[in-house]
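Going down the list, the protein sequences come from chains U and W.
Per numbering that gives the first Met the number 0, the first sequence starts with residue 0, numbered consecutively.
Per numbering that gives the first Met the number 0, the second sequence starts with residue 0, numbered consecutively.
It should be emphasised that the hints constitute simulated quantities derived from the structure, not laboratory data.
It should be emphasised that the depicted structure is a prediction, and the values quoted were computed from it without experimental measurement.
Think of the CB as a built atom: it goes at the ideal place given N, C-alpha and C, for glycine as much as any other residue.
A hint or two may mislead.
Claimed, not checked - From chain W, some residues computed to sit far from chain U (all C-beta separations above 12 Å):
no., residue
1, Lys2
2, Asp20
3, Pro106
4, Ala121
5, Ala123
6, Lys128
7, Glu131
As the list claims (entries may be wrong) - Covered stretches of chain U, going by a simulated chain W footprint (3 or more residues, C-beta under 8 Å):
no., region
8, 7–14
9, 29–35
10, 64–77
11, 229–238
As the list claims (entries may be wrong) - Dumping the calculated BS3-like pairs for lysine-lysine here, alpha-carbon to alpha-carbon at most 25 Å:
no., chain 1, residue 1, chain 2, residue 2
12, U, Lys4, W, Lys22
13, U, Lys14, W, Lys58
14, U, Lys10, W, Lys58
15, U, Lys175, U, Lys284
16, W, Lys107, U, Lys200
17, W, Lys107, U, Lys14
18, U, Lys4, U, Lys200
19, U, Lys5, W, Lys82
20, U, Lys206, W, Lys82
21, W, Lys83, U, Lys14
22, U, Lys200, W, Lys82
23, W, Lys83, U, Lys200
Below, each chain spelled out in residue letters.
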Amino acid sequence: MAEQKKIKNLKEFSKSVDRFEGSNLLCPGCAHSIIVREVLNATNDDLVLSAATGCLEVSTAVYPYTSWDASWIHIGFENATTAVAGAEAMYKALKRKGRLLQPDRPPKFVAFAGDGATYDIGFQWLSGTFERGHDVMHVTLDNEVYANTGGQSSSSTPIGSSTTTAPAGRVSYGEKRVKKDMMSIMAAHGAPYVAQVAPNKWKDMIKKIQHGFAVEGPVYINAMSACTTEWRFDVADTIAVSDLATDSLVFPLYEIIDGETWNITYRPKNVIPVRDYLAAQGRFKHLFKPENEYLIDEWQQRIDKEWVRLQRMEENSPR
Amino acid sequence: MEKRGWDDFDPGVILFSFEKDKKVTDIATTEPENRPYSQSNSFSSDQASGWRVEKPIFKQDLCIDCQFCWIYCPDMSIISRDKKMVGVDYDHCKGCGICVEVCPTNPKSLLMFVEAKEEAEALAEWPEKKKEEK
Numbered sequence: 000m001a002e003q004k005k006i007k008n009l010k011e012f013s014k015s016v017d018r019f020e021g022s023n024l025l026c027p028g029c030a031h032s033i034i035v036r037e038v039l040n041a042t043n044d045d046l047v048l049s050a051a052t053g054c055l056e057v058s059t060a061v062y063p064y065t066s067w068d069a070s071w072i073h074i075g076f077e078n079a080t081t082a083v084a085g086a087e088a089m090y091k092a093l094k095r096k097g098r099l100l101q102p103d104r105p106p107k108f109v110a111f112a113g114d115g116a117t118y119d120i121g122f123q124w125l126s127g128t129f130e131r132g133h134d135v136m137h138v139t140l141d142n143e144v145y146a147n148t149g150g151q152s153s154s155s156t157p158i159g160s161s162t163t164t165a166p167a168g169r170v171s172y173g174e175k176r177v178k179k180d181m182m183s184i185m186a187a188h189g190a191p192y193v194a195q196v197a198p199n200k201w202k203d204m205i206k207k208i209q210h211g212f213a214v215e216g217p218v219y220i221n222a223m224s225a226c227t228t229e230w231r232f233d234v235a236d237t238i239a240v241s242d243l244a245t246d247s248l249v250f251p252l253y254e255i256i257d258g259e260t261w262n263i264t265y266r267p268k269n270v271i272p273v274r275d276y277l278a279a280q281g282r283f284k285h286l287f288k289p290e291n292e293y294l295i296d297e298w299q300q301r302i303d304k305e306w307v308r309l310q311r312m313e314e315n316s317p318r
Numbered sequence: 000m001e002k003r004g005w006d007d008f009d010p011g012v013i014l015f016s017f018e019k020d021k022k023v024t025d026i027a028t029t030e031p032e033n034r035p036y037s038q039s040n041s042f043s044s045d046q047a048s049g050w051r052v053e054k055p056i057f058k059q060d061l062c063i064d065c066q067f068c069w070i071y072c073p074d075m076s077i078i079s080r081d082k083k084m085v086g087v088d089y090d091h092c093k094g095c096g097i098c099v100e101v102c103p104t105n106p107k108s109l110l111m112f113v114e115a116k117e118e119a120e121a122l123a124e125w126p127e128k129k130k131e132e133k
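If we strip away everything but chain U, and leave its shape as in the complex, we get (with noise of 0.2 Å):
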């Protein structure tokens, strides 16, 4: 197996060459090609990756051109997962007959997906994928809804927000519904490594990305995405707004090994209020108004009730 690198502070990361490349037609200030950034830099071997519908896919391989420096498969809707496994499984049969080209360069295998083609289309292929046991990491970049497609809500799209199936209005707050806890249902298919990262928090992602590569079975990430054509925020703030975003706890950066074993690797010195979250992107802009107001205290109430669950699951781990 080839050498983990090592990257100890961000001068010595700033490094790594990208992998991946510019004049691609993502938004500017979008976070996707940050998180991708961040999860090519984390190696130096050879990769083997797939993207999903959605929003990378489409604005990274408009032809004539191409944004992708390695291999990179061009796929269906839910298959991105088992277009990646289905490779990895040819290598393993090559391996076992002598058959491989460069059998002192072992790749990595990554698949990324949008929430929508991880959350509702491609889920039952990727649990497919994780029981079968392939060797390959599922990255989701996790935006909260379809924004390819111009805003539709998906089952990772929190209570409150508005999108075009949702509208906010006179009747309505917008969602209905609070967000899939997808990371209990990924650690309840055994995997050996479930983690929630988010770009902002480089040197955690990094951490989590290099333990994911290194253990052997399939990997769940879930990256927090935040969309600025969606959320509603201006271009320059996906950081900040990633910042509030973690801060505020509505998106804790925690990992299950072995579907067991919890751990919260970002406790914020200063808990922000979830108002703070809310109050910088548009998509809750209605909740604000009076009628709404009792939605924000609700928030508030299932995050801390949902941290508090967190500290628990990791008081409870074996170790």
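Given the coordinates of chain U, work out where chain W should sit on it, guided by the hints.
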């Protein structure tokens, strides 16, 4: 690159990131200037730079090389070599302004200026150090 219509596609088309006749052995450690980019790599294009309304301008002597702009740039447009920030790649920059937002120096070593501004002119009118209000 020659323009082709939607019906001129080859089914199952493969786009090569690098020139086919030039061999790249280890891409992860090859600097962009030594890579044989092909015409179908988006690196060879500047299609998104026209979206820019404002551009970031870099003032070298204020920079502390913290590399925050490098890690948070979504468009690989901050050129960083040997732990030092070198400049901005205007072929690929979309002008989002994240680099300016995350810059920790006072005054900032990266600032947004309108696209038509000359670099020398922008550097001349750089703001003074802001005093912290207590």
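Hints, verified against the model:
no. : hint                : in the structure
1   : Lys2                : violated, 9 Å
2   : Asp20               : holds, 17 Å
3   : Pro106              : holds, 17 Å
4   : Ala121              : holds, 18 Å
5   : Ala123              : holds, 24 Å
6   : Lys128              : holds, 22 Å
7   : Glu131              : holds, 20 Å
8   : 7–14                : holds (count 6)
9   : 29–35               : holds (count 5)
10  : 64–77               : holds (count 6)
11  : 229–238             : holds (count 5)
12  : U:Lys4 - W:Lys22    : holds, 24 Å
13  : U:Lys14 - W:Lys58   : holds, 21 Å
14  : U:Lys10 - W:Lys58   : holds, 19 Å
15  : U:Lys175 - U:Lys284 : holds, 16 Å
16  : W:Lys107 - U:Lys200 : holds, 22 Å
17  : W:Lys107 - U:Lys14  : holds, 23 Å
18  : U:Lys4 - U:Lys200   : holds, 18 Å
19  : U:Lys5 - W:Lys82    : holds, 15 Å
20  : U:Lys206 - W:Lys82  : holds, 20 Å
21  : W:Lys83 - U:Lys14   : holds, 9 Å
22  : U:Lys200 - W:Lys82  : holds, 20 Å
23  : W:Lys83 - U:Lys200  : holds, 21 Å
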